[in-house]
Amino acid sequence: GIQVEQSPPDLILQEGANSTLRCNFSDSVNNLQWFHQNPWGQLINLFYIPSGTKQNGRLSATTVATERYSLLYISSSQTTDSGVYFCAVEGETSGSRLTFGEGTQLTVNP
Amino acid sequence: SAVISQKPSRDICQRGTSLTIQCQVDSQVTMMFWYRQQPGQSLTLIATANQGSEATYESGFVIDKFPISRPNLTFSTLTVSNMSPEDSSIYLCSVEDGGWAQANYGYTFGSGTRLTVV
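Chain order of the listed sequences is Y and E. 48 is the number that this note's numbering gives to position 48 of the first sequence; each next residue is one higher, with no gaps. 63 is the number that this note's numbering gives to position 63 of the second sequence; each next residue is one higher, with no gaps.
Honestly, the hints are just simulated from the structure, not real lab data. Keep in mind that this is a model prediction, so the values were computed, not measured. Among the clues, some could well be false.
[Said to hold, decoys possible] Covered stretches of chain E (in silico footprint by chain Y; criterion: 3 or more residues with CB under 8 Å from a CB of chain Y, positions within the stretch not fixed):
hint, region
1, 43-56
2, 64-71
3, 107-116
[To be verified] What follows is a list of derived Cβ distance ranges for each label pair:
hint, chain 1, residue 1, chain 2, residue 2, range
4, Y, Gly16, E, Leu73, 28 to 36 Å
5, E, Val118, Y, Glu102, 24 to 32 Å
6, Y, Asn24, E, Pro39, 20 to 28 Å
7, E, Asp64, Y, Glu15, 46 to 54 Å
8, E, Ile12, Y, Asn24, 33 to 41 Å
9, Y, Gln3, E, Ser81, 38 to 46 Å
10, Y, Glu102, E, Phe75, 27 to 35 Å
[Said to hold, decoys possible] From chain E, some residues computed to sit far from chain Y (all C-beta separations above 12 Å):
hint, residue
11, Ser1
12, Ser9
13, Arg10
14, Ile12
15, Gln14
16, Ser18
17, Gln22
18, Thr30
19, Gln37
20, Gly40
21, Ser59
22, Ser81
23, Asn82
24, Asp97
We put the beta carbon where it would ideally sit given N, CA and C, even for glycine.
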């Protein structure tokens, strides 16, 4: 099946700093989503971005489908940004299901 | 976009017992998905539930341990049977939101059930 690798696994920032999270995937995709999992376990959909660039406030994401990677940018980080960020993909040949990466644990210190 | 109500949000259960988790969607969906997230791990798909047919289980998951019901297009349950401490996880349901697909949102998740088995 499709493989999803995220980096870095852990990231510690000071409030106000910027960061870039990366997601590499091994095959062509129909769907790519970025999620934020808060400390209560709730999975928040940040972006649906199988290709191109999107922005939502301090967050933006870019997927280069031909090179099989996606980037999530967080600017002016806040303590509430802390949590785990997951990249998940639906491969073109994998049917309707999401395959998740291992996640990036982000800690933003005040 | 679809809204999913999942309950219970958390539970503490004795080993050897069973827990049934419910997910209710506010719109009709063809497929519902059940995921497990073990402590400190990523999400793993347990099974896909279609209305009117048997659920399709992923490798490593069996119907006797995780029976699933899908009585209609807006509701599904997952039962965790004969629980052991190794079943302590967050369980989440998900749908592929057709309405969202048009607006390019993809899959939506319930708020999760945090299960602790003692």
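A quick look at each hint next to the structure:
no.: 1; hint: 43-56; result: holds (count 4)
no.: 2; hint: 64-71; result: violated (count 0)
no.: 3; hint: 107-116; result: holds (count 6)
no.: 4; hint: Y:Gly16 with E:Leu73: 28 to 36 Å; result: violated, 47 Å
no.: 5; hint: E:Val118 with Y:Glu102: 24 to 32 Å; result: holds, 28 Å
no.: 6; hint: Y:Asn24 with E:Pro39: 20 to 28 Å; result: holds, 25 Å
no.: 7; hint: E:Asp64 with Y:Glu15: 46 to 54 Å; result: holds, 49 Å
no.: 8; hint: E:Ile12 with Y:Asn24: 33 to 41 Å; result: holds, 38 Å
no.: 9; hint: Y:Gln3 with E:Ser81: 38 to 46 Å; result: violated, 31 Å
no.: 10; hint: Y:Glu102 with E:Phe75: 27 to 35 Å; result: holds, 32 Å
no.: 11; hint: Ser1; result: violated, 9 Å
no.: 12; hint: Ser9; result: violated, 9 Å
no.: 13; hint: Arg10; result: violated, 9 Å
no.: 14; hint: Ile12; result: holds, 15 Å
no.: 15; hint: Gln14; result: holds, 22 Å
no.: 16; hint: Ser18; result: holds, 21 Å
no.: 17; hint: Gln22; result: holds, 17 Å
no.: 18; hint: Thr30; result: violated, 9 Å
no.: 19; hint: Gln37; result: violated, 8 Å
no.: 20; hint: Gly40; result: violated, 9 Å
no.: 21; hint: Ser59; result: violated, 10 Å
no.: 22; hint: Ser81; result: holds, 22 Å
no.: 23; hint: Asn82; result: holds, 24 Å
no.: 24; hint: Asp97; result: violated, 10 Å
Consistency with the previously given hints fails for numbers 2, 4, 9, 11, 12, 13, 18, 19, 20, 21 and 24, ordered from lowest to highest.
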